[in-house]
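A.B. asks: Position 327 of the sequence shown, counted from 1, bears residue number 321 in the numbering used here, the numbering being contiguous throughout.
Label pairs and their computed distance ranges (CB to CB):
1. 321 to 167: 30 to 40 Å
2. 252 to 153: 15 to 25 Å
3. 122 to 286: 41 to 51 Å
4. 129 to 208: 35 to 45 Å
5. 283 to 315: 18 to 28 Å
6. 268 to 338: 20 to 30 Å
7. 224 to 129: 25 to 35 Å
8. 151 to 255: 23 to 33 Å
9. 304 to 205: 19 to 29 Å
10. 255 to 134: 17 to 27 Å
Heads up, simulated DSSO-like pairs for lysine-lysine below, C-alpha to C-alpha not over 30 Å straight-line:
11. 174 to 146
12. 292 to 237
13. 171 to 296
14. 174 to 296
15. 171 to 292
16. 296 to 237
17. 311 to 237
18. 311 to 296
19. 174 to 237
20. 171 to 251
21. 171 to 146
22. 251 to 146
Derived from the structure by calculation, the hints contain no laboratory data. On a predicted model such as this, the values are computed, not experimentally measured, just so you know. Every residue gets a Cβ at the ideal spot worked out from N, C-alpha and C, and that includes glycine.
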Amino acid sequence: MPPKRKRAQVDAEAPSSRMTRSSARGAKKDGQGTVNAAWNNSSSRPDIPGDDDDDEIQEIPMPPNKASRSGDASKAKAKAKGTKKARGRRSQEDQVDDEPARLKSSNTKRGGSDAVKLDMYSEQRAETLFSQFADEDSPDVIGAEGFERLCKEAQVPLDGALPLLLAWQFGSHEIAKISKQEWMEGTATLRVSSLASFAVVLNDLNDLVVLGRPAAAMSHVKSQRGAAYDTTRYDSYAADTRKAFSSFYTFCFALAKPESSRNIDMETACALWSVVLAPQFSLIADVTEFINVTGSYKGVNKDLWNMMLEFCRDTRKDLSNFEADGAWPTVIDDFVRWKNAQTAVQPADASVGDA
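Throw the hints in and build the complete structure from the sequences for me.
C.D. replies: So this is what it looks like as structure tokens:
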């Protein structure tokens, strides 16, 4: 039998420990349970080579009252492995927790801040949100006061097209009024249940439908959880923006018309035209000026409402292509005569406002 191998001579005063592979495994097992708890307060350490595969006994010098180097090596390996997993878990958790703060609005004008907090759609959350703005006397309805508070808290201006777009998406039957059924159906279709998500939807639709900006220029707010809202409707509007605008314009007349009447008053009509038509058709500003100056027109029926859109779409600002023999409503014929008299000596502007 060959003589037993011996290690190089060491300091006689340093105590030593005799460790087999079984004892090393025991040390590794003891150290594993404390890896995760110790990580936050531990400093990084270099990896130490692991146990030798040789079953022969090795004499390893041990510092007084310290664990074996082999045990430390096993613990260090376990720490490194645990550290990698812990970092991975923390990284994933941080991405989820920090995500709302990283999301940016697709329009920098939204409430004066780019940061928006977007939550996943929840029917319960949508219902709870409705109850926050519902009338005290009629809990199944958001009335004028609640509608105003809703827009204010969502940072949606009341003097633009956004409130009309909100009513359009919910299929509302009255201005500044939303029933609970309209709310629940609308939020379910759009998959929105937070004020921030409402703001994103309305600004996207305003850009596309009212302002006529190309859909390709839009940048929907998204997160790792998905889009801020269901863009099915938006995509259908983007496929035919002219049709989408006509649908929205027609809806506005029905929204503003009293239930028992066939007309809307001229003041309301001019206010709506200034909000809905003016961004794309500058000619409407001259029309409303004429109506206000004359003061002789009191109401707008559905035919005049629809023909006004056609007139603005197809007629140049200088009226040079106006078809005088067309079947235009009296208001439009009167406006053309007034406008021609006003601009007879001014340079022509041949631009056409076509959506």
